[in-house]
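There are 2 protein chains.
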Amino acid sequence: MQIFVDAFGGDHAPLEIIKGCIEAKKTLPTDITLVGDTAKIKDCAEKNGLDISGLSILQADAVFEMETQPTEILKSRKDTSMAVGLRALAEGKGDAFVSAGSTGALLVGATFLVKRIHGVKRPVIGGVMPSVDKPFILVDTGANVECTVPMLCQFARLGNIYMQKILGVEKPRVALANIGAEATKGTKLQVEAYAALSEMSDICFTGNIEVRDIAFGKADVIVADGFTGNVILKMYEGVAKMITNELKAMFKKNSLSMLSYLGVKSGMDAFKAKMDYKKYGGAPIIGVEKTVIKAHGSSDAYAIQNAIRQAVTCVQGDMPGQIRAALQAEKSEADT
Amino acid sequence: MQIFVDAFGGDHAPLEIIKGCIEAKKTLPTDITLVGDTAKIKDCAEKNGLDISGLSILQADAVFEMETQPTEILKSRKDTSMAVGLRALAEGKGDAFVSAGSTGALLVGATFLVKRIHGVKRPVIGGVMPSVDKPFILVDTGANVECTVPMLCQFARLGNIYMQKILGVEKPRVALANIGAEATKGTKLQVEAYAALSEMSDICFTGNIEVRDIAFGKADVIVADGFTGNVILKMYEGVAKMITNELKAMFKKNSLSMLSYLGVKSGMDAFKAKMDYKKYGGAPIIGVEKTVIKAHGSSDAYAIQNAIRQAVTCVQGDMPGQIRAALQAEKSEADT
Chain A
7 MQIFVDAFGG
17 DHAPLEIIKG
27 CIEAKKTLPT
37 DITLVGDTAK
47 IKDCAEKNGL
57 DISGLSILQA
67 DAVFEMETQP
77 TEILKSRKDT
87 SMAVGLRALA
97 EGKGDAFVSA
107 GSTGALLVGA
117 TFLVKRIHGV
127 KRPVIGGVMP
137 SVDKPFILVD
147 TGANVECTVP
157 MLCQFARLGN
167 IYMQKILGVE
177 KPRVALANIG
187 AEATKGTKLQ
197 VEAYAALSEM
207 SDICFTGNIE
217 VRDIAFGKAD
227 VIVADGFTGN
237 VILKMYEGVA
247 KMITNELKAM
257 FKKNSLSMLS
267 YLGVKSGMDA
277 FKAKMDYKKY
287 GGAPIIGVEK
297 TVIKAHGSSD
307 AYAIQNAIRQ
317 AVTCVQGDMP
327 GQIRAALQAE
337 KSEADT
Chain B
7 MQIFVDAFGG
17 DHAPLEIIKG
27 CIEAKKTLPT
37 DITLVGDTAK
47 IKDCAEKNGL
57 DISGLSILQA
67 DAVFEMETQP
77 TEILKSRKDT
87 SMAVGLRALA
97 EGKGDAFVSA
107 GSTGALLVGA
117 TFLVKRIHGV
127 KRPVIGGVMP
137 SVDKPFILVD
147 TGANVECTVP
157 MLCQFARLGN
167 IYMQKILGVE
177 KPRVALANIG
187 AEATKGTKLQ
197 VEAYAALSEM
207 SDICFTGNIE
217 VRDIAFGKAD
227 VIVADGFTGN
237 VILKMYEGVA
247 KMITNELKAM
257 FKKNSLSMLS
267 YLGVKSGMDA
277 FKAKMDYKKY
287 GGAPIIGVEK
297 TVIKAHGSSD
307 AYAIQNAIRQ
317 AVTCVQGDMP
327 GQIRAALQAE
337 KSEADT
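Residue numbers (this note's numbering), protein chains in the order written: chain A, 7 to 342; chain B, 7 to 342.
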């Protein structure tokens with residue numbers, strides 16, 4: 007197995023990326039190739055006393071900047087580490103690509119360089135997120151802001167396969183993100199999607215999930231258009247961050263509060279661990295011919311390592327092949 | 007001033023409603039009339055040793071059940087406390103109506119009994135919500151799931167007036183809830199609304215607010231279609247509740263953790279107070295001829311008391327009159 011990793015994507019590139027790759031190589035059954043400027047990678051490793059002898063390097067001259075228009079990955083930014091890595095993947099030189107760089111560019115690159123699986127309307131960015139119970143996948147988290155009912159049904163199918171084949175949930179509960187439990191709730195899109203999802207025989211559709219229940223883990227696959235999905239994802243992050251900030255300030259207030267922290271430290275640590283999105287790796291771009299993982303922009307070595315682990319699991323589970331098979335079923339169903 | 011209060015709306019009616027009215031009457035410059043079955047109100051007061059001699063009662067035979075179709079308030083459920091209160095308001099017998107009952111029914115009743123102010127496209131349910139900084143108003147929180155650009159512009163105007171005239175924010179920062187800061191982000195609705203909001207001369211439009219920043223209080227008026235607004239509101243509630251539950255369990259775990267709680271109790275209490283939506287009262291239905299306040303379904307006496315206080319402020323500030331004036335300005339602008 008060969009996994010390409012964008013050495014120059016994300017806020018902490020290349021150092022944390024290199025570190026993450028070194029750690030991943032130690033424990034995972036795969037070869038790893040850093041994609042980026044060879045001299046800079048070697049220089050960074052040397053300066054930080056890192057041994058990269060176990061990793062390969064694929065030369066790429068440039069870096070895809072966050073503020074660049076995503077479509078430029080196909081035009082003026084063909085020589086960036088992201089574009090070079092995706093092309094190598096498309097050419098069959100490896101099995102997966104991991105990047106913490108621009109989400110938009112990675113999506114465009116995955117769609118047009120690695121290419122969609124036949125029958126996929128639009129690839130989806132699946133967000134694997136924590137809840138107080140089990141993790142769930144949110145499809146879509148922002149790749150497709152305007153959606154149709156057939157797109158949402160396909161998102162459900164793609165998310166269902168991911169949870170079944172990659173995260174090992176035998177019978178994922180698939181729910182539609184909505185503002186009420188009743189079938190008549192939401193906009194025209196949700197009302198029609200509810201009806202269409204109810205008729206799908208290859209998923210276990212459990213109806214609407216009220217967004218206030220999302221953090222409580224009441225579904226395994228949550229279906230949403232990309233706009234709504236992104237609102238859910240960012241409200242989750244934002245509210246959690248606000249409360250965490252307030253708690254930190256509260257515990258740091260004085261010596262008594264600092265002492266108090268010790269009494270709940272183990273509980274706090276357990277909660278933090280449960281809610282740590284980093285351990286789930288990144289967001290898979292589902293529906294393209296090879297495994298492509300978007301790691302969080304702020305990924306550290308630990309997050310990168312987990313994104314590579316996730317990529318390995320996707321390759322081992324033959325995610326693209328599973329999707330091809332499921333879409334074949336979709337087609338047969340449509341034909342009958 | 008005369009404020010009608012639905013004695014039979016909400017999870018804790020009529021007891022908490024009666025208690026809230028008694029408290030409100032003590033401190034606020036208004037007469038208060040409980041609307042509902044006289045015998046039941048008197049019976050509840052007597053059983054609980056409450057003195058309701060300072061309150062009036064307006065007889066209504068029935069109760070609007072939560073599961074009833076909202077439009078039934080105009081048809082088969084005309085004799086409910088909600089319908090009777092709204093009609094009395096429409097007939098000029100009072101200045102405001104407060105209910106913790108069905109949101110949908112209250113919206114339908116406010117729109118068709120109390121009636122829209124001339125020029126209002128659709129009344130909006132404004133959610134006054136806490137942030138770590140100051141409270142803000144979210145317009146809409148769910149009254150209008152499908153919206154047009156002119157509707158969003160009017161929501162901005164209505165929310166702006168509320169913050170200025172009722173909550174006393176001199177120059178409210180009005181922002182559009184979106185999935186990114188750039189003018190090109192979001193669906194067609196957000197992109198077009200951004201352009202239209204930018205051209206409004208009577209509000210201070212500060213651009214998009216990324217939803218992850220909402221809890222940090224970076225805007226005073228947040229504009230959203232009712233579907234998105236409801237997702238924001240419920241994600242806020244849901245994530246906060248999930249974390250609060252986890253914290254409670256953590257502090258209750260053993261004697262050491264319970265002891266630790268004492269060391270941060272004052273900080274916790276201050277944070278809880280800052281985040282307590284109850285102190286802001288309820289959600290005003292903005293755009294109708296009289297003040298109508300939707301209190302939270304789970305309102306206790308304290309929340310009801312604050313909803314009545316909010317109603318008093320709206321009456322004192324002549325909210326309907328302020329809106330009439332602003333819409334006149336909107337019309338003049340359109341005419342030029």
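It is worth saying that the hints were derived from the structure and are not from the lab. Heads up, some of the hints might be wrong.
Identical chains blur together in the list; that is why a pair holds if it fits in one copy or across any two.
[Claimed, not checked] No more than 27 Å apart at the CA atoms, straight line, and that leaves these computed lysine-lysine pairs for DSSO-like:
no. : residue 1 : residue 2
1   : K254      : K81
2   : K191      : K121
3   : K284      : K194
4   : K140      : K258
5   : K258      : K48
6   : K140      : K259
7   : K278      : K254
8   : K191      : K32
9   : K31       : K271
10  : K48       : K247
11  : K191      : K48
12  : K247      : K191
13  : K99       : K81
14  : K259      : K285
15  : K247      : K259
16  : K285      : K337
17  : K284      : K31
18  : K194      : K171
19  : K171      : K121
20  : K191      : K84
21  : K31       : K247
22  : K171      : K53
23  : K171      : K46
24  : K259      : K32
25  : K271      : K48
Do the hints match the structure? See the list:
Proximity of K254 to K81 under the C-alpha cut-off of 27 Å is found in neither arrangement, the shortest distances being 46 Å within a copy and 54 Å between copies. Taking the shortest alpha-carbon separations for K191 and K121, only the inter-copy value of 25 Å comes in at or below 27 Å, while the best intra-copy value is 36 Å. In this assembly of identical chains, the alpha carbons of K284 and K194 never lie at most 27 Å apart, being 35 Å within a copy and 33 Å across copies at closest. In this assembly of identical chains, K140 and K258 lie within 27 Å of each other by CA distance solely across copies; the values are 23 Å between and 31 Å within a copy.
For the homomeric pair K258 and K48, neither the shortest alpha-carbon distance inside one copy (41 Å) nor that between copies (51 Å) is at most 27 Å. With identical chains, the CA atoms of K140 and K259 are at most 27 Å apart between copies only, with a shortest distance of 21 Å across copies and 33 Å within one. When the C-alpha separation of K278 and K254 is checked against a cutoff of 27 Å, the pair qualifies both within a copy, at 13 Å, and between copies, at 15 Å. Taking CA atoms no more than 27 Å apart as the test, K191 paired with K32 passes in neither setting, with 50 Å inside one copy and 41 Å between copies.
Taking CA atoms no more than 27 Å apart as the test, K31 paired with K271 passes in neither setting, with 32 Å inside one copy and 46 Å between copies. Neither within a single protomer nor between protomers do K48 and K247 lie at most 27 Å apart by alpha-carbon distance, with minima of 36 Å and 48 Å respectively. For the homomeric pair K191 and K48, neither the shortest alpha-carbon distance inside one copy (56 Å) nor that between copies (38 Å) is at most 27 Å. Taking the closest pair of Cα atoms, K247 and K191 come within 27 Å of each other only across two copies (23 Å); inside a single copy the shortest separation is 30 Å, beyond that limit.
With identical chains, the CA atoms of K99 and K81 are at most 27 Å apart within one copy only, with a shortest distance of 22 Å there and 69 Å across copies. Taking the shortest alpha-carbon separations for K259 and K285, only the inter-copy value of 25 Å comes in at or below 27 Å, while the best intra-copy value is 30 Å. Taking the closest pair of Cα atoms, K247 and K259 come within 27 Å of each other both inside a single copy (18 Å) and across two copies (24 Å). For the identical chains of this complex, K285 and K337 are neighbours neither inside a copy (35 Å) nor across copies (55 Å), given an alpha-carbon limit of 27 Å.
Proximity of K284 to K31 under the C-alpha cut-off of 27 Å is restricted to the intra-copy arrangement: shortest distance 18 Å within a copy versus 53 Å between copies. With identical chains, the CA atoms of K194 and K171 are never at most 27 Å apart, being 32 Å at best within one copy and 35 Å at best between copies. In this assembly of identical chains, the alpha carbons of K171 and K121 lie at most 27 Å apart only when taken from the same copy (21 Å versus 55 Å across copies). Taking the shortest Cα distances, K191 and K84 sit within 27 Å of each other only across copies (25 Å), while inside one copy they are farther apart (45 Å).
Neither within a single protomer nor between protomers do K31 and K247 lie at most 27 Å apart by alpha-carbon distance, with minima of 32 Å and 40 Å respectively. For the identical chains of this complex, K171 and K53 are neighbours neither inside a copy (41 Å) nor across copies (60 Å), given an alpha-carbon limit of 27 Å. Within a single copy, K171 and K46 get their C-alpha atoms no closer than 38 Å, and across copies no closer than 59 Å, so neither meets the 27 Å cut-off. In this assembly of identical chains, K259 and K32 lie within 27 Å of each other by CA distance neither inside one copy nor across copies; the values are 41 Å within and 38 Å between.
In this assembly of identical chains, the alpha carbons of K271 and K48 never lie at most 27 Å apart, being 40 Å within a copy and 52 Å across copies at closest.
Checked against the numbered hints given earlier, the structure breaks hints 1, 3, 5, 8, 9, 10, 11, 16, 18, 21, 22, 23, 24, 25 and satisfies all the rest.
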